[in-house]
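Enquirer: So you can see what is in the structure, the chains are spelled out below.
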Amino acid sequence: MAVAGRAWGWLRRNALPIYAVLAVAYMLIPIVIIAVFSLGATPKGKLTFGLNGGFTTEYWTSAFSLPELNDALFTSLRLAAFSTLISTAIGTAMAIALVRHSFHGRRLANLLIVIPMATPEVVIGASLLSMFIYYSFALGFSTLLIAHVMFSISFVVIVVRSRLIGFDRNLEEAAADLGATPVTTFRTVTLPLLTPGIVAAALLAFALSIDDFVISNFNSGTTVTFPLYVYGVSLRGIPVQVNALATMLFIVAALAAALVLWQQRRAERMTAVRPEPVTTT
Amino acid sequence: MVGGRVKTLVLAVATLAVAMGLAACGDGTVGGGREGEITTAKAGNVTGKLTISTWPGYIDPGKEGTVKEFEKETGVKVDYIEDVNENEGFFGKLQPQLEQGQSGGRSIFVVTDWMAKQMYDLGYLQEINHDDLPTVFENLLPSLQSPAFDPERKFSVPWQSGMGGIWVDTAKAPRIKSVNDLFDPKYKGKVTMLAELRETVPLVMLAEGIDPVEASNEDWLNAIERIKAASDSGQIRRFTGNDYNEDLNAGNIVAAIGWSGDASIIENENAEWRMPTEGCSLWSDNMVIPVGAPNTAAALGWMDFAYQPEVAVDITEYVEYISPVEGVKELLEGRGSELAESQLTFPTEQFTRNCTDQDSPPDLEPVNEAWQEVITG
Amino acid sequence: MSLRQRLVPYGLLGPGLLWLVLFFVVPMYFMGELALRSGTLTTGYSFDWAWSNFPDSLSGHTEQIGRSFFYAGTATVLCLLISYPLAYAIAFRAGRYRTLLLFAVIAPFFTTYLIRTIAWKTILSDSSPVVSVLQTLSLVPPGGRVLATSGAVIAGLTYNFLPFMILPLYANLERLDLRLIEAAKDLYSSSRQAFLRVTLPLTMPGIVAGILLTFIPAFGDYINAQLLGGTQQAMVGNVIQSLYLNQRDYPEAAALSFLMMALILVIVLAYIRVAGTGAFMESEEETS
Chain A
1 MAVAGRAWGW LRRNALPIYA VLAVAYMLIP IVIIAVFSLG ATPKGKLTFG
51 LNGGFTTEYW TSAFSLPELN DALFTSLRLA AFSTLISTAI GTAMAIALVR
101 HSFHGRRLAN LLIVIPMATP EVVIGASLLS MFIYYSFALG FSTLLIAHVM
151 FSISFVVIVV RSRLIGFDRN LEEAAADLGA TPVTTFRTVT LPLLTPGIVA
201 AALLAFALSI DDFVISNFNS GTTVTFPLYV YGVSLRGIPV QVNALATMLF
251 IVAALAAALV LWQQRRAERM TAVRPEPVTT T
Chain B
282 MVGGRVKTLV LAVATLAVAM GLAACGDGTV GGGREGEITT AKAGNVTGKL
332 TISTWPGYID PGKEGTVKEF EKETGVKVDY IEDVNENEGF FGKLQPQLEQ
382 GQSGGRSIFV VTDWMAKQMY DLGYLQEINH DDLPTVFENL LPSLQSPAFD
432 PERKFSVPWQ SGMGGIWVDT AKAPRIKSVN DLFDPKYKGK VTMLAELRET
482 VPLVMLAEGI DPVEASNEDW LNAIERIKAA SDSGQIRRFT GNDYNEDLNA
532 GNIVAAIGWS GDASIIENEN AEWRMPTEGC SLWSDNMVIP VGAPNTAAAL
582 GWMDFAYQPE VAVDITEYVE YISPVEGVKE LLEGRGSELA ESQLTFPTEQ
632 FTRNCTDQDS PPDLEPVNEA WQEVITG
Chain C
659 MSLRQRLVPY GLLGPGLLWL VLFFVVPMYF MGELALRSGT LTTGYSFDWA
709 WSNFPDSLSG HTEQIGRSFF YAGTATVLCL LISYPLAYAI AFRAGRYRTL
759 LLFAVIAPFF TTYLIRTIAW KTILSDSSPV VSVLQTLSLV PPGGRVLATS
809 GAVIAGLTYN FLPFMILPLY ANLERLDLRL IEAAKDLYSS SRQAFLRVTL
859 PLTMPGIVAG ILLTFIPAFG DYINAQLLGG TQQAMVGNVI QSLYLNQRDY
909 PEAAALSFLM MALILVIVLA YIRVAGTGAF MESEEETS
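Chains as they are written, first to last, in our numbering: chain A, 1 to 281; chain B, 282 to 658; chain C, 659 to 946.
Bound conformation, chain A alone:
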């Protein structure tokens, strides 16, 4: 009986971590499915999500054998990289201005940031297209980039701002007290502490860009991004290589994100951010 009591106690104390593991597992289920079914042999080379054919690695070894798929993937990666860089820079600057400074027109600025997120993607996509056409602006990579940056800015601002609010300014004041100029303070205190928020925002912007289908569909011209390619082939049978590439993309992105986050933790630890629990004597 004592054992059962102890086990129950253990369960209660660790409910949260156990839940976390389960929740994360739930989030990863489709990834596992995608990965598993990239290894299933299918007679026609089209994805069927059935393992009757047995296992094969042929789709992994031939993953880059479809030129349209490669082009689409590369285009998406390039687009996402540029879009993330630009939108994160612009968005972070905006967040800092909004939280730290007082100025006229703040309400309008806030509104202007919130509204794009409130608009259905179909509308953004269609209205952008209309405008590009009005001015006979050639559709393609540049119009896609414009669109992607546009819808990413708002999200970056929100995430960074959420982190900025309630930022412990004592640390900055302490630095100032120690004689640091505002620029130095920003560089050595504010920015490192802000970085996890910026990184989270950048990751979100990257994910948004890679994932975007609706807005891209309207503004791509002849440029094909990865989601557009997938949509096209999904209606006639997805080549299994798509799954292999999706899994590869996932692995690479996961490693990259892991690396970045790990670096941040190290930086955090070095600047000793987290306040130590105060022990009363």
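Worth flagging that the hints you see were computed from the coordinates, not collected in a lab.
Hints are not guaranteed to be accurate.
What the hints assert, rightly or not - Which stretches of chain B does chain C cover? Using the computed rule of at least three CB atoms under 8 Å from a CB of chain C, they are:
hint, segment
1, 373-385
2, 417-426
3, 531-544
Since the structure is predicted, the reported quantities are computational estimates derived from the model, not experimental observations.
Here a beta-carbon is modelled for each residue, glycine too, at the ideal position from N, C-alpha and C.
Dock chains B and C against chain A, hints included.
Expert: Using the frame of chain A, we list chains B and C on its own:
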């Protein structure tokens, strides 16, 4: 605070004024079709870059494929984009550009008969001179030389033809032989229909004994009513595009309205395409040259190239649809291919005796509206 | 303040605002202008102050609008319930696994939205073991299906928008000062009270951000309804897409989207007013 509010308002108005000012720099018209003359596609040296927009899976791919063959023979660099998933969607995406006389960089679209006509009527296509396409008009099947929507083949060249009928999972529902069977409560929730108006509704009308080409608006609307009732009651599971093959493969459905050539992508071994007892729908997808096409010479060259029987037979072998090129059947027989005997790739007159061409309703607006209501729930 | 100092915020805001004005406001203007036209593609859309487009577009689609609220709302609530404990666990109980868990949460979103949703379509297909399990648990009627039902669409929405909820929650939770909770406990409050009175209010900014970031895109989504739903699950996004691309009734499409935008804006502003100005628009935090 009042001062702040006024300031905000002023800024808002200023922004709006800027927007209006910018807008004034542009054209003022939207829709109404393109004004201006309809041009004829110019022939010339077949070089440079060619961009084609077409349906997925409509050509034999890879290093030995037709695209690569063409590139090798002519030196043209081909950008073969498979972004036509449905006629309407594709049209909707390109319409603003076509209206301004731009084709989005493409020199060829591949769209279904009625969409080609719609584009032509709006002034979005260029005409084709038969003299520029000797191989095409030498080898074009007689049955396709003078279709109702383009009697003189002024603006369209068939790519492939096909039939709309019923795909049946013979292991689960062997008795389905007619579109009427799809309304049988026995199969509730296990049936899908195509979301394209001109595919599904004519078939339903045929099943009621009405000739779709002669049908009145009321006939169309009545058929739509019937479909709507079936959809609301849950009889019809979904309205699909090409993706009915997924439901078939996954065992989610026992029957679907679908296209004859899709055997190449349906992995369910028990599924077979059936000609409905009352008849099927016949359609072709056509190559058309849009306004503003950057390289019409190469486009014409491509069309002519694809009509050589040796090239066309490779396409048919992979795609399994009906080739418009004379001589393909003999070549396939020579290769000992089963396709040569298949009614689906070489249907006889007898086989398609009851089949109907796809046509638009007499008054499109209300029918389209009623249909959209059905498929968007 | 010197002139230079006063110009700094404008300099920081400048590029972003300019981008948004040029590529969001101006196109919206075109949308609005389009909504006031009437006509068809063949006859041309003439501008004639057709205000009637607005009420007409609403009245024709009340079913889909209501459905969108229901689906997006349910999905948002589910996201919040799933994400909050998860974000909390990652922020405070993960120890050295924190980084691992964090990117495990973000990583699925480096695969394409479409592929993920199609994967779910397979997982939930009629003959899959998952559905059989659900049938034995009586969560699904025997012989029933999961796909092509509202449940599938909501499940899809929830899954796809989880990171939109988790990230803001986490960013906010992470810098929560645990000492405050300790202080509360020192003052004899229970764990539950400490949570309700200290943690929850302090993490409100994160919760509001998460809710907004989840509900709004979910409301306008149409992919989940298209892939996982049947004939009775269409949302507003599906209608707008159909009106624009299939029916090419641009005026009605534009009017409907404009109204949707206005509706959501009203909700957002109202929520902020109720949840307190600190929830969203505040510039500085109060604690010293």
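Enquirer: Now look at each hint and say whether the structure bears it out.
Expert: Hints, one by one, checked against the model:
1. Remark: the segment 373-385 of chain B is confirmed as covered by chain C, as 3 of its residues place a Cβ nearer than 8 Å to a Cβ of that chain, reaching the required three.
2. Closer than 8 Å: that is the beta-carbon criterion, and the segment 417-426 of chain B has 0 residues meeting it against chain C, so the requirement of 3 is violated.
3. Coverage of the segment 531-544 of chain B by chain C holds in this model, with 3 residues showing a Cβ closer than 8 Å to a Cβ of that chain against a need of three.
The structure fails hint 2 only (numbered hints given earlier).
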